[in-house]
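J.: Chain by chain, the residues:
Number of protein chains: 4
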Amino acid sequence: MVSFESDYIAGAHPEILRRLEETNMEHLPGYGSDRYCDSAKEKIRRAVGMEDADVEFLTGGTQTNAVIISALLPDYAGVVSAVTGHVNAHEAGAIEYTGHKVLPLLAKEGKISSADLKCYLSDFYADASHEHMVIPGMVYISYPTEYGTLYTKDELTEISGICREFEIPLFIDGARLGYGLMSHKCDITLPELAELCDVFYIGGTKVGALCGEAVVFTKGNKPLHFLTIVKKRGALLAKGRLLGVQFDTLFTDDLYFKISRHAIDMAEKLKDILKERGLQFHIDSPTNQQFVILENEQIKKLREKVAFEFWEKKDETHTVVRFATAWSTTEEDLKTLKEALSRI
Amino acid sequence: MVSFESDYIAGAHPEILRRLEETNMEHLPGYGSDRYCDSAKEKIRRAVGMEDADVEFLTGGTQTNAVIISALLPDYAGVVSAVTGHVNAHEAGAIEYTGHKVLPLLAKEGKISSADLKCYLSDFYADASHEHMVIPGMVYISYPTEYGTLYTKDELTEISGICREFEIPLFIDGARLGYGLMSHKCDITLPELAELCDVFYIGGTKVGALCGEAVVFTKGNKPLHFLTIVKKRGALLAKGRLLGVQFDTLFTDDLYFKISRHAIDMAEKLKDILKERGLQFHIDSPTNQQFVILENEQIKKLREKVAFEFWEKKDETHTVVRFATAWSTTEEDLKTLKEALSRI
Amino acid sequence: MVSFESDYIAGAHPEILRRLEETNMEHLPGYGSDRYCDSAKEKIRRAVGMEDADVEFLTGGTQTNAVIISALLPDYAGVVSAVTGHVNAHEAGAIEYTGHKVLPLLAKEGKISSADLKCYLSDFYADASHEHMVIPGMVYISYPTEYGTLYTKDELTEISGICREFEIPLFIDGARLGYGLMSHKCDITLPELAELCDVFYIGGTKVGALCGEAVVFTKGNKPLHFLTIVKKRGALLAKGRLLGVQFDTLFTDDLYFKISRHAIDMAEKLKDILKERGLQFHIDSPTNQQFVILENEQIKKLREKVAFEFWEKKDETHTVVRFATAWSTTEEDLKTLKEALSRI
Amino acid sequence: MVSFESDYIAGAHPEILRRLEETNMEHLPGYGSDRYCDSAKEKIRRAVGMEDADVEFLTGGTQTNAVIISALLPDYAGVVSAVTGHVNAHEAGAIEYTGHKVLPLLAKEGKISSADLKCYLSDFYADASHEHMVIPGMVYISYPTEYGTLYTKDELTEISGICREFEIPLFIDGARLGYGLMSHKCDITLPELAELCDVFYIGGTKVGALCGEAVVFTKGNKPLHFLTIVKKRGALLAKGRLLGVQFDTLFTDDLYFKISRHAIDMAEKLKDILKERGLQFHIDSPTNQQFVILENEQIKKLREKVAFEFWEKKDETHTVVRFATAWSTTEEDLKTLKEALSRI
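Chains as they are written, first to last, in the numbering used here: chain A, 6 to 349; chain B, 6 to 349; chain C, 6 to 349; chain D, 6 to 349.
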């Protein structure tokens with residue numbers, strides 16, 4: 006069965022497997038101190054255009070969000086997020102497990118507005134009883150968002166400016182960063198994005214790797230004893246090489262960007278197929294996730310041939326579903342989907 | 006440089022990489038619900054001799070210890086461990102991070118005695134103020150221990166009996182389980198070990214995998230909503246296939262046991278080399294970790310050719326060091342070590 | 006200066022101080038095992054009409070909410086609360102500090118509706134990815150709410166029924182319980198309220214005590230080793246007598262209810278004064294908290310004579326403020342307020 | 006029955022109750038912002054001889070230890086304590102509940118030695134794998150210790166020096182501080198003690214108050230947003246006046262020191278009684294706690310007339326028990342004890 010269920014339905018990009026095999030029997034030290042981690046970090050610093058950035062590897066998205074947020078937030082603080090943000094909605098309470106509240110802000114198509122953010126922060130400090138509330142200590146946004154949408158450079162610049170005004174860091178969840186940067190609607194470069202925020206990560210799990218996220222601290226703000234902090238959270242991989250080799254491969258010859266671009270190309274074709282089939286879009290997404298409204302009966306039939314994700318109930322007889330392309334999506338996959346759609 | 010620094014200096018067993026490649030482009034669902042996870046679980050249940058055991062995969066040892074201990078301990082309870090136990094000594098406080106105390110018990114060569122355990126538990130409940138103390142809610146032991154030693158079947162049976170008497174679960178950390186079971190001194194089978202405890206895990210990271218530990222709940226005691234509990238701790242891998250394929254491979258044709266046996270064979274040869282060189286052993290270990298005492302000057306010279314681990318200071322001029330074999334150790338590695346030892 | 010700032014601006018009811026003095030030099034055991042705690046528990050069980058209820062004393066409201074919620078929630082679960090609920094809005098993240106998420110539900114005048122609750126819970130389990138989300142494990146409501154409003158008996162019965170249908174406990178925050186039960190709009194008795202929920206508390210801090218909340222577990226559901234759980238959270242008072250004597254006094258000769266009734270009487274007079282002054286009410290509250298809209302200039306002037314609380318910004322020139330009566334409010338206080346209001 | 010069970014068997018010093026009554030009906034703001042808190046802080050700063058010290062009030066000892074330790078420790082760090090320290094042995098895991106490990110150090114009669122401390126810290130940083138361990142981030146000692154013993158000024162100076170060398174704060178648990186400072190063996194003043202440490206507290210619960218501990222930050226090191234941090238832990242008292250009035254009274258006319266001295270005088274007489282009765286002391290304690298060895302049969306008989314505390318089993322037929330005097334102990338109490346002892 007062909008699957009558009011998510012962007013992690015396949016294994017790793019073949020070049021990654023090749024490099025894992027090539028380096029497999031080398032004796033390497035553990036916990037990220039091997040030469041491949043070093044090399045990958047160097048390549049990422051170059052891609053980000055910051056020679057002093059601190060780069061660290063973690064295994065998955067929820068883990069990365071929980072580690073970074075809890076390591077950077079002061080004790081008394083919480084993290085501001087779109088109500089639809091992954092940390093607020095779909096991480097089983099991983100942030101709260103670290104003892105910190107997620108402070109939800111209304112969102113439109115996955116995005117918070119700088120006006121709402123400013124208003125929230127100003128009102129917070131205007132409230133006489135604010136010391137009895139959770140103090141906003143960080144802003145979290147996703148690029149692209151959970152709805153596939155993108156902040157414009159102007160929007161990011163404004164949000165970044167507000168964070169600086171209130172002296173709290175801006176953290177960008179880049180679980181799908183490649184799919185954002187390679188979108189035709191993207192108007193920002195990786196170095197520009199890095200400059201605007203204080204910490205972000207480059208998602209590997211959804212963009213060609215078996216697992217792995219590369220965290221980039223852009224302002225000399227990597228917490229002291231970060232390795233201990235990571236281990237304390239059960240997030241330190243013994244064979245750090247697994248992450249090092251993967252990111253070293255992804256950042257050799259622009260592989261990360263090339264395969265991200267491929268996913269976007271496939272997404273554009275997917276959109277065409279969905280449009281031609283006359284389906285109604287739930288959102289206008291310029292990245293690899295596409296959301297359309299199907300009749301519940303159609304869903305039942307389509308599931309026989311194609312895997313895809315339930316997103317949310319629309320009404321009694323209709324449901325929003327998501328189709329995701331990825332680095333691994335093929336023309337053949339699209340063809341199968343098209344045929345299946347024609348029969349429902 | 007040849008390395009005996011730990012049992013995770015190489016990548017994965019080649020057969021694992023082959024299977025990862027073979028299955029790489031299959032479309033599979035995430036989070037451990039793929040067919041390879043299912044197959045691996047079935048094979049592990051068979052190896053354990055318990056058709057009803059619940060098997061779950063996690064990524065690394067510290068993570069597994071923290072997830073299992075915190076998921077099984079009641080709120081008011083702590084976990085009893087040898088003072089030298091990994092959870093007490095070398096996990097950066099990962100158990101305490103979950104809000105639970107490690108209750109250290111004196112240990113000899115890494116092992117707690119059933120007499121000490123019984124005494125501790127009896128005295129605890131005899132203390133009138135015990136409700137003001139952390140209530141022992143689980144016993145944690147390692148097999149093999151952090152010193153390479155093994156509990157005998159009799160010892161395990163006694164410890165298990167005490168746990169049942171006090172109605173608390175026995176958890177066995179099997180990060181190096183294969184190296185214990187394949188030791189010439191091992192007098193217990195995997196099904197017997199499984200029967201004696203309530204939960205244990207089969208280490209993959211140190212025994213042929215890139216990462217991964219297989220947790221086995223042996224008494225119908227898998228916590229409700231375990232997936233949510235795992236995700237909440239940032240420990241849920243999106244591409245569960247990475248763990249499924251690896252354990253499916255390790256438990257096909259007894260690969261796990263064969264490669265563990267190889268490491269033991271290499272360890273026996275290593276012992277001979279160390280003995281022939283006239284080195285003094287710190288401990289008599291029947292598994293893959295060997296501890297000898299070197300002069301600090303010797304260490305300096307040996308480090309030029311061989312990587313190995315500092316264990317502990319012996320006196321001003323001597324240090325205990327550890328050499329570990331693994332599934333990946335070759336005759337060539339041993340030869341290199343032997344030569345290097347002859348020159349210090 | 007006269008203060009209507011909150012319901013804890015005075016010390017304790019004089020009878021409480023008298024009893025503290027009377028019993029002061031008695032030698033009593035600590036941690037709630039003294040005879041006054043026993044007696045108070047017995048009197049509360051009688052008032053609640055449940056001879057088997059478990060009663061425990063804690064020191065303050067936020068502490069009680071955090072202890073009870075974290076002690077009763079399973080690891081994987083969060084607590085559903087009105088978005089305006091005290092645990093969500095004004096406790097500095099005390100629930101999240103225990104590792105659990107507050108799941109906010111839209112509220113009207115401080116109250117959640119049973120329809121919204123049912124919808125939320127049904128939708129939750131209908132969502133295919135709900136295992137990746139925080140599982141609702143308890144419903145928290147306040148009686149009276151943070152806006153002074155009251156659930157009707159019918160509303161409570163419906164909410165209670167939904168909780169039973171979904172097999173999760175209903176927890177009622179009764180920090181101001183007396184002021185709710187003694188309201189002219191209250192249509193439920195204490196035994197009825199106790200029956201409908203699984204755990205609730207009778208607030209002392211805001212109703213005549215120096216400090217103290219009496220938690221009532223109504224369904225044989227007091228967590229095992231509760232004393233240890235309380236101590237682990239730093240919430241166990243050494244001199245438990247301080248809580249025992251206070252609640253023993255409050256539940257002797259219906260003192261708790263009599264002084265609550267007094268506060269309601271004062272609140273009714275306060276409402277008359279505010280109405281006569283022509284002020285606009287923000288909410289129609291039948292309990293001891295009254296919310297009116299003042300011009301910012303009026304606030305400035307009034308503050309010179311009277312203390313009261315900023316509630317929320319209404320618009321650029323108007324603000325919602327709160328006046329609270331309590332067991333300690335006097336006719337004299339009201340007179341002073343009336344005069345001060347006439348001059349702004 | 007007369008009780009020597011602990012130092013909190015009576016209520017409050019009568020002068021405290023008198024002041025509570027006197028101020029009872031004043032309208033005061035909450036959460037420690039009232040004039041009595043201000044006045045008490047000022048008096049404590051004077052007693053401590055540090056006009057810039059930050060003083061904060063908390064309710065009990067375990068709570069204070071957990072709040073201060075967790076608020077001052079960095080994420081990656083644990084607190085070093087005597088293995089017999091209250092935080093390690095008798096607080097139900099309250100420190101671990103905040104996510105931090107207690108790092109136990111061997112102790113003699115409740116005291117750690119500066120040599121052991123120095124050795125521990127040096128060895129820690131010498132260990133190549135120390136980043137995988139809990140990093141010592143604070144030293145906790147009790148003055149007096151849980152065994153009633155006292156550090157000399159020289160010992161404290163050495164411990165303080167080591168803490169400064171390793172750049173970690175020294176925290177002194179002064180739950181019984183008065184009984185230490187008023188001991189005939191005490192060779193240090195309150196200002197000297199304050200100077201040597203970074204934070205300490207002056208125990209009220211055991212020294213005349215109904216509840217309350219006064220924390221003193223001596224080096225400008227009060228954590229930012231401390232009120233929020235306290236509230237987040239459920240430790241913020243609404244009626245802060247309860248703590249303010251008590252400490253204001255205790256630090257008026259040296260009441261705290263006078264009543265502490267009385268307890269010491271009573272303890273000296275108690276020692277004489279125990280000696281005259283020919284009982285064997287378990288420890289030579291110069292403060293208010295006295296430890297003697299009784300036959301189990303004697304204990305049984307004595308319990309009919311006197312309450313005292315089981316301390317630890319000595320052998321099959323003997324037990325160590327504790328008798329504590331306090332500010333409230335009377336000559337009459339001692340006489341009753343003496344008579345009871347003569348009959349066993």
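It cannot be assumed that every hint is accurate.
Below 20 Å or equal to it, Euclidean Cα-Cα: the simulated EDC-like pairs (lysine to aspartate or glutamate) are [claimed, not checked]:
| id | chain 1 | residue 1 | chain 2 | residue 2 |
| --- | --- | --- | --- | --- |
| 1 | D | Lys123 | B | Asp121 |
| 2 | B | Lys123 | D | Glu321 |
| 3 | B | Lys305 | D | Glu317 |
| 4 | C | Lys310 | D | Glu31 |
| 5 | A | Lys319 | C | Asp128 |
| 6 | D | Lys318 | B | Glu136 |
| 7 | D | Lys319 | B | Asp320 |
| 8 | B | Lys123 | D | Asp121 |
| 9 | C | Lys227 | B | Asp121 |
| 10 | D | Lys190 | D | Glu273 |
| 11 | B | Lys310 | A | Glu31 |
| 12 | B | Lys123 | D | Glu317 |
| 13 | B | Lys318 | D | Asp121 |
| 14 | C | Lys319 | A | Glu197 |
| 15 | D | Lys319 | B | Asp258 |
If the Cβ cut is set under 8 Å, some of the chain C residues that face chain D in the computed set are [said to hold, decoys possible]:
| id | residue |
| --- | --- |
| 16 | Gly65 |
| 17 | Pro79 |
| 18 | Ala94 |
| 19 | Leu215 |
| 20 | Leu241 |
By construction, these hints were calculated from the structure, which means they are not laboratory data. Yeah, the Cβ is synthetic: ideal placement off N, Cα and C, and Gly gets one too.
J.: What hints, given by number in increasing order, does this structure fail?
T.: The structure conflicts with hints 1, 3, 7, 8, 9, 14, 15, 17 and 18, although it agrees with all the remaining ones.
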